[in-house]
Amino acid sequence: MSVLIIACGALAREIGAVADQLPAFDLRCVPATLHNRPEQIVPAIETVLDDTGGLYDRTILAFGDCGTGGALDRLCDARGLQRLPGAHCYAFFAGPPVFDTMMGEELGTFFLTDFLARQFDSMVMRPLGLDRKPELRDMYFGHYKRLVFMSQTQDPDLLAKAVSAARTLGLQFEHRPTGLAPFARDLARLSAHLAA
Amino acid sequence: MCLTMSEEPELILADLSDDDLVEQMKDDLYDGMGPEITEGTKILLDRGWDANRILSESLVEAMRIVGLDFADGILFVPEVLSAANAMKGGMELLRPILAASDTQVSTGRVVIGTVKGDIHDIGKNLVGMMLEGAGFEVFDLGINTSLDEFLEAIDKHDPHILGMSALLTTTMPYMGVVIEDLEKRNMLKNLPVMIGGAPVNQEFADAVKANAYGPDAATTAELAKTIVGVNR
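Residue numbers (this note's numbering), protein chains in the order written: chain A, 1 to 196; chain B, 1 to 232.
To be clear, the hints were calculated from the coordinates, so they are not data collected in a lab.
No residue lacks a Cβ here, since even glycine has one placed at the ideal position from N, Cα and C.
A few of these clues could be false.
What the hints assert, rightly or not - In silico lysine-lysine, DSS-like type, Cα no more than 27 Å apart, as pairs:
no.	chain 1	residue 1	chain 2	residue 2
1	A	K145	B	K156
2	B	K189	A	K145
3	B	K209	B	K184
4	A	K133	B	K88
5	B	K225	B	K189
6	A	K133	B	K42
7	B	K225	B	K88
8	B	K209	B	K116
9	B	K116	B	K42
10	B	K225	B	K209
11	A	K161	A	K133
12	B	K184	B	K156
Stated by the list, open to error - Sample of chain A residues with no beta-carbon within 10 Å of chain B, all distances over it, derived:
no.	residue
13	P38
14	D65
15	G70
16	R185
Kindly produce the complete structure, drawing on both the sequences and the hints.
Below you can see the structure in the form of structure tokens.
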């Protein structure tokens with residue numbers, strides 16, 4: 001059985017890192033920058049589906065809800081797709097129960113993953129205009145209290161970037177290494193189930 | 001001969017005629033120039049302008065254009081926020097005057113809040129400002145607002161409209177929870193509910209039986225005026 005994973009570009013590196021734990025699959029990505037225009041995520045995925053129509057037995061979406069207001073789940077229902085569980089990619093990495101606990105601890109939590117720490121300027125600072133209008137920081141982040149860096153790897157450079165990001169946003173910093181185990185487990189379960 | 005930026009003569013707002021000043025304020029608000037908006041508002045007040053006229057002809061009109069250009073993809077969120085910040089400075093001068101005015105007629109009362117579990121209030125705050133600009137009394141419950149807090153505010157302020165906002169897909173269903181409870185209490189007959197927020201759309205609004213969906217702040221204020229007119 002052939003499997004296609006359509007993923008957010010923010011997860012491409014991590015999917016590659018756990019590929020040896022998954023059945024054979026092909027990977028197609030859509031730009032992570034679409035998170036700033038979530039209404040464009042479903043059309044982008046539909047374009048991939050149309051390009052690959054009939055080539056695969058099963059298709060998995062490596063996406064959270066990503067601010068689509070349930071549109072991704074409706075797409076899954078309409079096209080017979082499967083999606084990783086959780087509203088955000090942070091939830092994939094921590095595992096949904098751990099993520100929910102963290103949100104319960106502090107509603108005002110801003111999350112960074114390895115990808116977001118690496119791309120903090122291009123995914124956060126520039127799209128929010130904070131590079132040119134730093135005075136807007138508190139309008140965006142005034143109700144946030146802490147930044148939790150969920151790291152997938154042990155990379156001192158990324159850790160330093162995450163610390164710097166917290167300082168830039170005026171948030172307390174916490175580091176919670178997640179590794180890739182919860183992500184790999186969920187993706188493997190989904191892939192194996194589909195491939196069986 | 002072209003002037004370089006440094007050679008451009010400084011614009012003195014106080015030297016402009018009323019009409020030119022209003023036009024300049026609209027440009028300044030569009031460009032997010034807060035101090036200029038505050039200064040222009042003070043000048044118009046000193047010239048005897050009615051606070052309501054300043055609000056509607058300069059601040060609200062400029063913000064309406066900002067909203068249109070945002071919808072058209074000409075402006076983006078940072079520019080809208082800068083404009084809102086600039087408007088806030090003018091509003092802070094006008095609000096106490098409007099509140100103290102004997103002649104000011106309220107368009108209606110609106111209770112608004114970001115729903116429980118959600119701390120995002122940028123859109124809700126924009127809506128609040130545009131509603132104020134349209135003459136509504138706005139009672140803003142802030143963020144992370146529970147059903148009980150909404151009920152308490154409805155009891156206290158007897159609003160003509162309830163507005164709820166959410167940014168997260170995970171929190172937007174709470175709007176349905178509130179509406180369902182209001183329906184059980186038979187309160188919806190006299191209390192139209194408007195909802196909005198980035199993941200919200202008309203389909204969702206229909207699903208949770210909201211009376212109206214506001215896609216942006218300016219449209220929401222117009223919808224609110226229509227609703228109040230219809231209901232009165």
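Tested hints:
Restraint check: the Cα-Cα separation between A:K145 and B:K156 comes to about 31 Å, which exceeds 27 Å; the hinted pair is violated. A threshold of 27 Å between alpha carbons decides the hint, and for B:K189 with A:K145 the separation of about 40 Å lies outside it, so the pair is violated. A distance of roughly 13 Å separates the Cα atoms of B:K209 and B:K184; the hinted pair therefore holds under the 27 Å criterion. For the hint linking A:K133 to B:K88, the alpha-carbon distance of about 17 Å falls within 27 Å, and the restraint holds.
Note on B:K225 and B:K189: the hinted pairing holds, with a Cα-Cα distance of about 18 Å set against a maximum of 27 Å. At most 27 Å may separate the alpha-carbon atoms for a hinted pair to count; A:K133 and B:K42 meet this at roughly 25 Å. Between B:K225 and B:K88 the alpha-carbon distance is near 21 Å, which keeps this suggested pair within the 27 Å criterion. Taking the CA atoms of B:K209 and B:K116, the gap is near 19 Å; set against the 27 Å cutoff, the hint holds.
Simply put, B:K116 and B:K42 have alpha-carbon atoms about 38 Å apart, too far for the 27 Å limit, and the pair is violated. Between B:K225 and B:K209 the CA atoms are separated by roughly 20 Å; this keeps the pair inside 27 Å, and the hint holds. For the suggested pair A:K161 and A:K133, the alpha carbons sit about 21 Å apart, so the restraint of at most 27 Å is met. With a CA separation close to 19 Å, the supplied pair B:K184 and B:K156 stays within the 27 Å bound.
With a cut of 10 Å on Cβ distances, A:P38 falls inside the contact zone with chain B, its closest approach being about 7 Å. Distance to chain B contradicts A:D65 as a non-interface residue, since its nearest Cβ pair spans about 4 Å, not more than 10 Å. Under the 10 Å C-beta cut-off, the non-interface status given to A:G70 relative to chain B is violated; the minimum distance is some 6 Å. No beta-carbon of chain B comes within 10 Å of the beta-carbon of A:R185; the shortest separation is about 22 Å.
Comparing the model with each earlier hint shows violations of hints 1, 2, 9, 13, 14, 15; every other hint is respected.
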